[in-house]
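Colleague: With chain A's structure known, arrange chains B and C on it following the hints.
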Amino acid sequence: MIKTNRILIALIMCIAIVTGMAFANGQQEAAMAADGDTLDIVFINDGHVAPYHVAWLGGFEDAIKAYNKEFGGITGHWLSAEGSLEKMIQQAEATINQDPDVMFVNAINTKAFEPLVKKAQDQGIIWIAVHSPMESADYSFTLGDVTNGYNQGLALGAYYNGEANVAIMLGQAGNPSGEARREGILKGLAEYPGVKVIAEQPADWDTVKAQSIAENWYTQFPELDAISGVTDAYLYPSIAIAENRGIEDVTFWGYDGDIPILEEMKAGKVGCDILLSGTREGWAFVQTAYKVTHGMKVDKVIDFYTPPVMTEEVYAMVKANGFPSDIEVYMVDKALEVAEKGYLEFGPDSVK
Amino acid sequence: MELSKAGFKGKFRISASKNVRYLFLIGLIIVVSTFFTFINPKFLSLVNIGILLRSISVLFLLSMGMTFVIITGGVDLSVGSNVAFAGAVGVLTLQATGNPVIAAIVTIAAGAAIGFINGYFVGKLDLSPFMITLATMALARGLSLVLYKADAISVTNEAFLWLGKTSVGPFPIVIVFDILVFLFIKSLLNRHTFGRDVFAVGSNLKAAHLLGRNVNMVLIKVYVLTGVMAGISSIITIGRVSSGQPWAGLNLEFDAITAVVMGGTSMAGGEGSLVGTIIGVIFYGIIINGLILTGANPYFQSVAKGLILLIVVVLDQVQKNRSAE
Amino acid sequence: MGKVSRWLRDNNIIVIVVVTTIIFYLINPRFLSGENVVAISRQIVPIGLIVLGQFFVLVSGNIDLSMGMSSVFFAILLGVFFGMLGGVVIGIIAVFVVSLMLGAINGYFIGKVKVPAFIVTLATMFIVTGLSGLIIPPRQMIFLRGGFFKFIGSAKLFGMYYSTLILLVLFVIAWFLYNKTKFGGYVIAIGDNEENAKLVGINVTKMKMIIFMISAFCSGLAGIILSSRMGFVQPGLDGASIMMDAITAIIIGGTLLQGGKGTVGGVFWGLLFIGIINNSLNLLNVQDVWHQVFKGIVIIAALVLNWAIRKQSGIEAH
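Sequence order for the protein chains is A, B and C.
My numbering puts the first sequence at residues 12 to 363.
My numbering puts the second sequence at residues 29 to 353.
My numbering puts the third sequence at residues -5 to 312.
Chain A extracted, bound-state conformation:
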């Protein structure tokens, strides 16, 4: 009996701690809401654990802090649907009931959210569709996935001067971002008839799966020249396995602008990456939310600026092989700077 009581006490203490933490959080928000001139931003995303998500959440939280410090009354939080459509719908419904000022929604599938967009707008909430544009949304924040993929494919083809065996690691079947990136990459590679796509496999945005796929490819295709990925998350295990097996002559082509991959470019393994950068995008969200609620002019479709990134050597090489010079390319150091310091492009100073 005494033992049972002890468990109970321990459990009650746990409850107390959780309550305390959550309560403090609630109080803070209530205090914010009481103030009239506030900006409450909610971001509903499909996940929260991929490397890109971690950076994204970090940038978003930092930006909220910076804007709040500068202008006051700015709050924001992030919800993760963990890949479940039903969960995301529920989160969107509950968020609309909370009546924030701006909602960013990275819909698992936009068609499912049409009824909710209307509901939110009736309530005066600004709905910003993330990545997959929506006609009905107030704004759409897009990445130009097809163009970015095209640039990556084009750079790859030019790097090998039109002769290469490429394997592409895809997202999850049916995921709109993944499909668009794949379409772009294939389009870019198609400019070089000598480039052969020898394998395409979905790694479902999962690094562990990516690792096995890379290993199987190295075994299966001794002729493999390059691995192209629709996310940088696939590059970490692919590079690690190549290093472990002593494979020197395979290059990697990324998408995301993750800071560690940008650093990896200097070592020469990664040919080209696309500068999204999670931190940068997190900052850009808060800037956008501030702009649209403060009467500044914003295009209905906000095209996030996402240039390809290369080293000086690679850029010189692909340009010599016909990579169009009108496509703006960031050099690694510049990309690293803007990726690390989101406030340079999107900080409070940018909206003054």
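If you are wondering where the hints come from, they were derived from the structure by calculation, not from laboratory data.
Nothing here was measured: the structure is a model prediction, and the numbers come from that model.
Honestly, I wouldn't trust all of these hints.
[What the hints assert, rightly or not] No more than 20 Å apart at the CA atoms, straight line, and that leaves these computed lysine to any residue pairs for SDA-like:
1. C:K150 to A:E259
2. A:K76 to B:E186
3. B:K46 to C:K108
4. C:K150 to A:K129
5. B:K70 to A:I136
6. A:K198 to C:Q281
7. A:K129 to B:E186
8. B:K152 to C:I291
9. B:K152 to C:V298
10. C:K106 to B:S195
11. A:K129 to B:K46
12. A:K122 to B:Q347
13. A:K122 to B:K46
14. A:K129 to B:S182
15. C:K106 to B:K177
16. A:K280 to C:G140
17. A:K130 to B:N242
18. A:K122 to B:K152
Modeller: Here is chains B and C on its own, set in the frame of chain A:
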């Protein structure tokens, strides 16, 4: 044989201790709800209760079916994927015929078909329910991706959307439908001989066989029933989102199993109740919904979800152990 | 009943593995190349470690859902210690200590308080998933490079990776533990009938604590291997799919989900089966939308083969 006969007779009487347990669980629900209201007063608003009901309407149906399966000592991992698969077949039928009634019947039949495959393999071929439903889980998800060509299809037929879409004020009408299904199934489980067979199969397959019950048929019926529930769920989901979705129902099988086990049904089979499952579904739904309203960081939400779940089941069990003493 | 048919009945998973191997070999001869075999043998290591721990849990009639995500958590824990203190040894000690603690917590609630294992381990799964994101320094990915990680990740002996050899040794230990010690008998007894186990004087509570400590310890090992192979850690590693693969391997290897029955040998072949399926998806370059269909059909085919063998050997259901 005698023993098992007595065994499953005893389980139909809702004993006093079972009622105490339900009251205790309801008490815990009140505590947890108070806690969430404390953090965010919107938790108790009518709109939020409507959102909560809508969000558990599908889980409710799937958990009903899952309760039967778990009572027979099995498990059905395919229900979540089946929601997507049945929906794909239904939406394509709707596109082809334009007739919502035919489409609805076909949707439910498609769900039942996956259920039949499960039931046939488990009952007739005596294969592990875990393995076969794992295979049909992959198969149903895969077929839904293939049928949808991996992209969603918008649905505009108002009659087909009616069940999942319509609300009276903040409350979805589907919850009334759920209650009707529950009453029907409850009478099936408690009054009809079918219910007795289900418990008999779960308590002791061999004894049930000797008693002259057709174990294979019972198992097939149970899995088909779960498949039918998945079919109905997919009609509700399509109504809710006005479109057919290839990734609908992802991980719902785990939510359903969790709700059933929280409700006191034993994974070992032969024991369980639908009322417990309802309480489990509501409880689980409240935890998920309440956590969204805290607005906490997703990592913190995950920890909180685990802690609350653990605290609830431990308190429940401590109370059960006490009343057993 | 002939000797052959009895052998077939008891070892039909071997037949399944052999048949699948032959089919994939005929489709693509590279499937049996030395390099591919070594690759498979390495890919199954993290799953195999989860399998070893989960095997005892399942035979005892329980389930440990936390194993997959906790292996990711332990990988991150090792990374955090390595990144902060630069020490591999202290990181590994931390992983062992914390994993045993986690196992003890699971075991306490399941054995002593008698909460169903499914719910307890589901709850601890949520907790470790959240903690993985909370303990890692924000916006940082920790790279694990250097001697130890390189050794575990890529060093070979007689053409086999050390991690594979470690797994094989652990399988032998598990076989010994399960078949040659009292412990194994107790686990089976508990899974068969807990009340009877108590009556014959087995301390069920203590046994469950030990079983869950073993499973958590195995998750810790899997975490170490996982981090070494990846060369970095971040919360996005998908532990859930590793765990489902592990449970599938155990059950297709002839262990009952209800407990009380199973063999270490069967589980080993089940593990090979999973490794082969995962490998074949890439080897055959199955198109993305067909992945799931393919996997489903292969498993169903294996199950039907299993049934046919049993039927041929003249064994009536039950």
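Colleague: Against this structure, judge whether each hint is valid.
Modeller: Verification of the supplied hints:
1. Taken as a hint, the K150 of chain C and E259 of chain A pair is honoured in the structure, with Cα atoms around 19 Å apart against an allowance of 20 Å.
2. A hinted pair counts as satisfied when its Cα atoms are at most 20 Å apart, and K76 of chain A with E186 of chain B does not qualify at roughly 45 Å.
3. Between K46 of chain B and K108 of chain C, the direct Cα distance comes to roughly 17 Å. Compliance with the 20 Å bound is thereby established for this hinted pair.
4. A threshold of 20 Å between alpha carbons decides the hint, and for K150 of chain C with K129 of chain A the separation of about 60 Å lies outside it, so the pair is violated.
5. The hinted pair formed by K70 of chain B and I136 of chain A meets the criterion: a straight-line CA distance of about 17 Å does not exceed 20 Å.
6. Restraint check: the Cα-Cα separation between K198 of chain A and Q281 of chain C comes to about 18 Å, which is no more than 20 Å; the hinted pair holds.
7. Among the hinted pairs, K129 of chain A with E186 of chain B is consistent with the structure: their alpha-carbon atoms are about 17 Å apart, no more than 20 Å.
8. Our distance criterion of 20 Å between C-alpha atoms is met by K152 of chain B and I291 of chain C, whose separation comes to about 19 Å.
9. With a CA separation close to 12 Å, the supplied pair K152 of chain B and V298 of chain C stays within the 20 Å bound.
10. Our distance criterion of 20 Å between C-alpha atoms is broken by K106 of chain C and S195 of chain B, whose separation comes to about 47 Å.
11. Between K129 of chain A and K46 of chain B the alpha-carbon distance is near 46 Å, which puts this suggested pair outside the 20 Å criterion.
12. Annotation: proposed proximity of K122 of chain A to Q347 of chain B is violated, straight-line Cα distance about 47 Å (limit 20 Å).
13. The straight-line distance between the Cα atoms of K122 of chain A and K46 of chain B is roughly 45 Å, outside the 20 Å bound, and the hint therefore fails.
14. A distance of roughly 16 Å separates the Cα atoms of K129 of chain A and S182 of chain B; the hinted pair therefore holds under the 20 Å criterion.
15. About 51 Å separates the Cα atoms of K106 of chain C and K177 of chain B, which puts this hinted pair outside 20 Å; it is violated.
16. Straight-line distance between C-alpha atoms of K280 of chain A and G140 of chain C comes to about 19 Å, which keeps the hinted pair within the 20 Å bound.
17. For the proposed pair K130 of chain A and N242 of chain B, the alpha carbon gap of about 52 Å is over 20 Å, so the pair is violated.
18. A hinted pair counts as satisfied when its Cα atoms are at most 20 Å apart, and K122 of chain A with K152 of chain B does not qualify at roughly 41 Å.
In summary, the numbered hints that this structure violates are 2, 4, 10, 11, 12, 13, 15, 17, 18.
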